[in-house]
Structure formats: structure tokens, C-alpha cells
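Participant: If you want the building blocks of each chain, they are given just below.
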Amino acid sequence: MPKFVRQAGWILALLLSIAARASAPDEYQVEAVFLLHFTQFVEWPVQASDAQTPFVIGVLGRDPFGSALDDAVRGETVKGRPLVVKRFAVAGDLKPCQILFIDRSAVSEADQVIGSLAHSGTLTVSNVEVPAPADVIIRFLNEDRRIRLRINVDYARNAGLTISSKLLRPAQVVGTIPAG
Amino acid sequence: MSMNTTAPAIRGQLIKMVLITSSAVLLLTVTSLFVYDFLTFRQNSVQQLDTLGRAIAANATAALAFDNADDARNVLTAFEVEPHIAQAALYKMSGARFAAYSSHAATGEIPTRLKPEATGFHFEHSSLVGVLPVTEGSRRLGTLYVQSDLRAIYDRIRLYAGIVALVVCASGLLAYALSRRLQHRISSPILALAQMANAISTRQDYSVRAAAAGVFELDQLTEAFNHMVGAIQTSEARLRVQLGHLSLLQHITSAIGERQDLHSINQVVVTTLERSMPIEFGCIARYDATSRLLTVASLGVASQSCGAQLGLLPGAEIVLDENGLATCLEGQLVYEPDSGQVPLPLLQRLAALNLKSVVMAPLVAEKTLFGVLIAARREANAYTSPDCEFLKQLSEHVALAARQAELNSALQTAYDDLRRSQQTTVQQERLRALGQIASGIAHDINNAISPVSLYTESLLEREPNLSERARSYLTTIQRAIGDVAGTVARMREFYRQREPQLSLSRIDLNVTVQQALQLTHARWSDLPQQKGVMIEVKTELAPLPAEVMVAEGEMRDALTNLIFNAVDAMPEGGTLTVRTRRVKPEADAAERVHVEVGDTGVGMDEATQRRCLEPFFTTKGERGSGLGLAMVYGMISRHSAELQLESTPGRGSLFRLVFAAAAGVAPAAEAEPVIFERRPLRILLVDDDPLLIGSLQEVLLADGHDVIVANGGQAGIDTFAEATRSRQPFSIVITDLGMPYVDGRRVAAAVKAAAPATPVVLLTGWGQRLIADGEVPPHVDRVLNKPPRLMELRSALRDLTIPAGPLKAAGGTSR
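Chains as they are written, first to last, in this note's numbering: chain A, 18 to 197; chain B, 10 to 824.
Just so you know, these hints were derived from the structure itself, not from any lab. Be careful, since some hints might not be right.
Said to hold, decoys possible - Listed below are several chain B residues computed to face chain A (Cβ distance under 8 Å; list not exhaustive): (1) 70; (2) 71; (3) 142; (4) 148; (5) 655; (6) 657; (7) 658.
What the hints assert, rightly or not - Computed list of chain A residues with no C-beta within reach of chain B, every gap over 12 Å: (8) 53; (9) 63; (10) 71; (11) 80; (12) 126.
From a predicted model like this one, the values you see are computed outputs, not experimental measurements. The beta-carbon is built from N, C-alpha and C at its ideal position, and this holds for glycine as well.
Model the full assembly from the supplied sequences, consistent with the hints where possible.
Facilitator: The structure is reproduced here in C-alpha cells:
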């Protein structure tokens, strides 16, 4: 192979790696998209007021996403319902929502919040470990710069949510999956 | 028949057709199946790939949604169970490849980027590529790329094609073998038919028939062929019969055409029919319309015995009506297929001889029934309708020929008559010419001997001192001159023209008979003697004059003719008898005179006796005019006399003329007055012959007359006129008749014009004829014949110059 071609190859590889790094999403951007994607793999219990109310993704504590979450959900719907993001600084502000991301800043209140939301049909998500015995239904695990999922099916069942088996397959499952 | 041997045979055609048909069907079927299979396979492949892809895509959603490449690879690994999936890959919405899968058999590259819009299926080379969206719910998460390897499938299709080709070849061979075997059933009957047709046309044998082949259409063809051959056979047989009839008809008509007489025409018809048609009995009967009878005219040679048994020999009569032949009168052919069944006498007679089939064909020409042709055969129903038609046509030909023969014979008769009459006319013309020559000769002879006669007479009369010897010589000369004059006169008589009018005079037939015998002396005496034949002449004349009132010339001619005939009837010699008789049949009846001319010659049969008086009938061939006896008969009729004929063949003939005897007694012959008138007369003598005129002048001068001569007619007239003017008139004028330029008639006329009282004597070499012809010209008082006899001359002078009544005693002819 001629020498100049080999040099051009190197230059091209360098340029590509810089571009990839510049555009590479950070962790929260990925997680914001994941939050949106959950709406496709999880079945919420049907309520009478669903048609009139928007599908709400709540963020408890400090919002780590910036504009990433808002960008992700803009224009999206779930089964015809508009998708909105609501931010709750403290647990006392909490309003009913279908997905609730608990930021590490609100982990202290997690036990209380999770307890209050036990059967409300809210998918609780967090990227940090919640103090035991409480647990969120889905937790983002950062493994070697890759976001992985840890799903507690017992909690999900308790919350009245049905999680798609497709979602379960790439995830780390906690709890018992009923046979059949 | 020319046959194109290069034309393809049915056999080859059939095989070709079968092969083409079966191959086409096979190919079409296989191709359609193949195409269907191929399309179905492609469709199935697409569907299969779609299904597979969708399943994989559904499984891959979470991996894509949650960015789990390991999981994505795991999902793609599921393609391992589908060996035909060569390659697969998942792409994010950004188009970047997320995960990829390749089987060991995979070739080629998996695209590193794929736009999310480029979904769908397409075939590349030997593979099927599917690009499917990966969605979860309504959200598009990425793209799945699947490449399916179709090489195995194509291999399988190639195998299929090989098998199909083999099957097509095998089935083609099978079809060839089968059709080769089966076409035999079609082509062999057709070939058999063709061979049979060929054989029939070369051998001309139309009795063979083709056998059925056992195939419906071919059987129909065979049946039609057999039917056609049958029809040809029938019509060929009919043609043969008609050809036979035509040839027979032609044979008979040409045989008829060579014949003229009816009998041999009939005979050849019947005999040819017997031999060639054939028939067992054949005859032709002539029909007589007045008696309504058929008379058997001709009988075939082989039919003679039958005819004898039937009583149908030539001359036998058949009654027309009672034998059912009346229809023949109407020109219709009568055919009795079984004569025994018909109760008619003739047919019963034929049936008795076992002649059952009888055809009676009328011989009709120009709507007239000439006769009937009877043709019989032994077997019943032995005549077909072509036979009858043939006999009818033949009978028409025969009738025409018969009619022609009759016409021909009539024409021949008319021609013969015409020829005879022409010969007669020629002969008469010749006689007339001869007569004119004879008259001229007679005139010249008479002129020539006139001086001799006059001088001789004068010498004898006026020279008393002549020696005895001289007187004897002169007397002989005078007699010889008289004979010459007589001969010339007879010759004139013999050749003179016949005058139509009848001037009867009282004639002694005894004299006329003598004259006739003298005239014909050469014929009955000299000519037969030259041939060594003797004819004896017996003359039996009535003792008294047999006087009758007849035209003397005609009487003499009639006798001459009868004598000629008698001589001609005795070529071997015999006795000629001429007889006159006075007969008084009854006491109070008028007396009759018979003249008979008989011979002991060949005689005449009855037919000849019946016809011998007809004009132009002759038994003498070229020598005879056929007019002799006709003239005799005409003369007899004009004289109201009677002609009787007695003749026996071989014994001789006798012609008898019967006249009424002349009434009263004949006036006594006037005695020749011998008066020598010495009264001198002044005589004008006119002639162109100096010898005659010299002698006459001398004789008259010797008698003491004053004689002035004029040489020629005009000179005579001039002299007479001169004398009248100078008051020295002539007492009498003697003029010759025949002179150049101005003849005796004109001289006489001139004399009478100048002096009507002056008598005129005409001297002529034709004198006798003139008188007999009633041709005494006007202005002439007396005609004297040359040579003039002194006595006659003197008598005339005396008679004409006596002014008073006794002149009446003069007249009459010199005879």
C-alpha cells in the first residue's frame, strides 16, 4: 500500500474520532431518550381520566437533564396523549405522573416517595441506588460508559405495570418473573 | 398420374405434428409451471424474509431503543438457524450500523450506513436483500438489513430445468415411437386406397372394391371411393355399350351408303344386326299404305330357317292392324319384352319359336312409314333401353337410306329419259341437217341431169332417123335418168322434215307397201347379207287395190318403221311377211283394210308388249331412239285406225294396222294427153344455170316458141318489164326457184304485179316437197320438178295459155 494512502487513512480516522466525541451524547441525554423509550415497552393500567390528561414524565429533585429531556419529548405522544415533563423539587410538590425520575439529589426522599406511589401506577426510575429496602422499578446502571438497565419486576408488578419482555431481555432483572 | 415424391408423406407429417404438439404442450406446461414456481418462489422468499425480518426486528427493538449492541448481536444471531440468511445488520436512525451478522457462506460486504428511508426488498445477483424498519409501537427505532442467499434455490431450479429437459426428450421419444406405431392405422388404409386407385387406373378394372379400415372417417372415405368406382364401372359399361352401338351404327350406315338399291340395303342391315348386335331373328318388311299390309322384303341369312317356320319368307304379308303395329304408323318403336304374353298373331308365332323379346322399329322418313324392322331375341327382356334407342336410330337411318334409294332410282329414271330424249333430239337435228344437205344435193343433181333428160327426150322425139342402136341407148339413158330422179326423190322423201298437218289422200296400200319394201331394201337385204344372215321377204297383197284415206308419207313411214323393227327382231335371220287384206267382218259392216308386218324373230314378253308403244321405250340400246313404234302409234291414232299386236317370245311378232277402206271407186287415172301444141308462144325463161337454160331454150325453140332467156332473177324481172314497156309481152314466164339474190318467188311476184294475167311456171329441185308441204307460193300457177320432162312442160304450157274453161281439167301432181 502506498505511503500517502496509509497517512490519509490515519488522518481520516483521527478526524472521525474527534467528530464522534464532539457529538457523543452524554449520560443524561441518553437517559432522557431512554425515559421516552420506556413509554413503548411498559403498559400502564388504564384509568378513566387518561383521555383528558397528558402523559406526564416527572423529575423529582434537581433536574439533571437540562434541555435534553424537553428536546426528547417535544412533539411526542403516548397512545394519543400529549407527553409533558413536570419537575418536582421536593416530594411535597409531587403530582401524579406516569414516569417519575428520582434524581440523586432526591434520593433521601425516595423511600417516602416510593412508598406513597406504591400502587399508583407510576414507573419509578433512578440512576442511583435507593436506600434499602425501597427500590425504584428501573435503575440506570453506568457500566463502562454504557447505560444498562436494572428492573425490579416485583415493584413493577406492585405498581400495576406490565413490562415488555423485550425490555426485560437486555436488562438486569431483580425479583421473580412469574412463569407463563 | 404424376406423383410428387418429394412431397412429405402423411406418416412423417403425422409424426411431426404429434411431436410438435406434445413438445409444445410439454414446454408450455413446464414453462408456465416453471415461471409460476419461480415467481412464487421469489414471492415466498420475499414473504419469508419479511416475516423473518419482522420477527428479528421486533426482537431487536429493545436493543436499539436502549442502545444495547450485545443484545442486538444476540438477536441477529437467531439467523443462524436459517442457513440461507447470509448477512444481516441493524442500523440506528442516524444510519450508522449498530450490529451485524454474517454466516460462514457469506460473501460481499455489509453496508456500514443505511438510510432509514431505504426500506423494501430487492434482488441482487444471487441474493435477496430486505431492508425493514424496526419500530416499537408507533416509534421508529432503526433499520434491519437482511441478505438472503438464493444460490441454492437457483441450483435447485437448474436441476429442475435439467430434469424437465430430460423428461421432454424422453416424452418426445415416447411420442415418436407411439405415433409411429399409431399412425400406421391411419396412413396404411389411405396408402392402400391410393394403391388401389392406381391399380384401377392402370388395369381399367373397375370391379375391385377397397376393404373397410375400421376408422370412421377412413371408412367413409373408402365407402365414397367404392361408390365412385361403382359409378365409374356403371358408366363405363354404359359407355362401352353405347360405343358398341355407335360403332355398329357407323358400320351399318357406311355399308348402307355403299349401296344404292333397296334390297341390298335391307339385306346388309338385317345381316349385320344378326351378326353384330346380335339378334336371333331379323327381317325388314315393306309397308304398303293403300292395302295397310306389310310385306316381308328382306330376311337375315341366319333368320332364313326361322323365317320359313314362321311363314315370314320374303313376299309374305303381315296385317298391320291386327298385330299391334298401328303404333309403328305413328313412328313409335314397339317393344314386347315377352311375346308369349301378348295375344297378337305375329307375336304368338314368334313366341312359338321361343323368340320372346321382339322389337318392331318403324322405318319412317319424312313422316312416311316405309316399313318395319323386326328384331327378335330368344330370351325375355333381352333388350335394354339403349338397345331400343339404337334400333330406333338405326331404323331412322335405314328409312332415310331407303328414301334416298327411291329418290335415286327416280332420278336415274328421269336422267335416262332425259338422255334418251336428248339423243333423239340430236338424232332428229342430225336428220334435219342431213335432210337439208340432201335437199341441196337433190337440187344440184336435178339441175345437172335436167339438160340430159331434156335433150334425150327431145332426140327421141324429134330425130326419126336415129339408128336402132342410138335409139336403144337413148331409151336406156332416159330410163337411167328417170331412176336417178326417182332415187333423188326417194332420198328427199326419206330425209324430209315431218310435217305436222295431215293431208289425207286416197292411197292404194298395195303400192305403198311396195314402195316401203323398196325403200328399206338395204336394211332387209344388203346389210343382213353382209353379216351372213338371210331374211326372206314374203309379200302377200290383196288381189284388188286396197285403197284407204291416209297421209301417204306417214303411211310409208309407218310401214318403214315396222319393217325395220321386224328386221331388227331377226338378228339370226328369218322370214319377213308383209300382207294386205280387204276384210269385211260382218255383212253390214264397213269394209276394212288390214296391213300386217310379221317376223319370226325374238318376240316380246308381256311387259315389253305393254310398254313398246311408249315413247323412248327401246330394247335396242344405243341403236334405237324408242320413237319408231311411238310414231306408228301416233299415226294410227291420227287416222282413227287400229293397231293390233300379236307376239310370242321366241316365236316372233305381228303388227296389224286396221284402216277403214276408202269409200267409192277411185277416179280413173287421167290419161296423159299427148297434144303437140304448135301455137307459138313468147316465153321468158329465167334461170341461173346456163346448161339448164340452154337445153330448155333449145327444146322450146324446137317446139316453135319464141324464147327469151334471162340469166338470174333480177335480169328476168328487168327483161319482163322491158318487154311490157315495148308492147311485146310474154305469154308465159318459166323461172327457176333457187337463184342467188332474187329467187323464183320474187320473180313470180314481180311478173304478177306487172301483168297479173301472165302465167308463171316455177321450176324446182324441191318441187315435190313444196307441194307436199303446202308451200306452193303465191303468184305461181304451176310448179314443175327438175328434171323437167318435156311432156309435163308442154302440158303446162298448153294448160296455162288456153284462155278458156277447159283449163279446169288440169291439176294434180305429177304422181
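Participant: Hint by hint, say whether it matches the structure.
Facilitator: Here is how each hint holds up against the structure:
1. At its closest, the beta carbon of residue 70 of chain B sits 6 Å from a beta carbon of chain A; the interface hint therefore holds under the 8 Å criterion.
2. The beta carbon of residue 71 of chain B is positioned within 8 Å of a beta carbon in chain A (closest approach about 4 Å), and the interface hint is therefore held.
3. Among the interface hints, the one on residue 142 of chain B is violated; its C-beta lies about 14 Å from the nearest C-beta in chain A, farther than the 8 Å criterion.
4. For the restraint placing residue 148 of chain B at the interface with chain A, the shortest Cβ-Cβ distance is roughly 6 Å, inside the 8 Å limit, so the hint holds.
5. Checking residue 655 of chain B against chain A: minimum C-beta separation of about 176 Å lies over 8 Å; hint violated.
6. Taking 8 Å as the C-beta contact cut-off toward chain A, the hint placing residue 657 of chain B at the interface is violated, the least distance being around 173 Å.
7. Checking residue 658 of chain B against chain A: minimum C-beta separation of about 168 Å lies over 8 Å; hint violated.
8. For residue 53 of chain A, the shortest C-beta to C-beta distance to chain B comes to about 8 Å, within the 12 Å cut-off, and the non-interface label is violated.
9. Against the 12 Å criterion, residue 63 of chain A stays outside the reach of chain B, whose nearest CB is about 16 Å from its own CB.
10. Under the 12 Å C-beta cut-off, the non-interface status given to residue 71 of chain A relative to chain B holds; the minimum distance is some 17 Å.
11. With a cut of 12 Å on Cβ distances, residue 80 of chain A stays outside the contact zone with chain B, its closest approach being about 22 Å.
12. Taking the minimum C-beta to C-beta distance to chain B, about 27 Å, the non-interface status of residue 126 of chain A holds against the 12 Å cut.
The structure is inconsistent with the numbered hints 3, 5, 6, 7, 8, although it conforms to all the rest.
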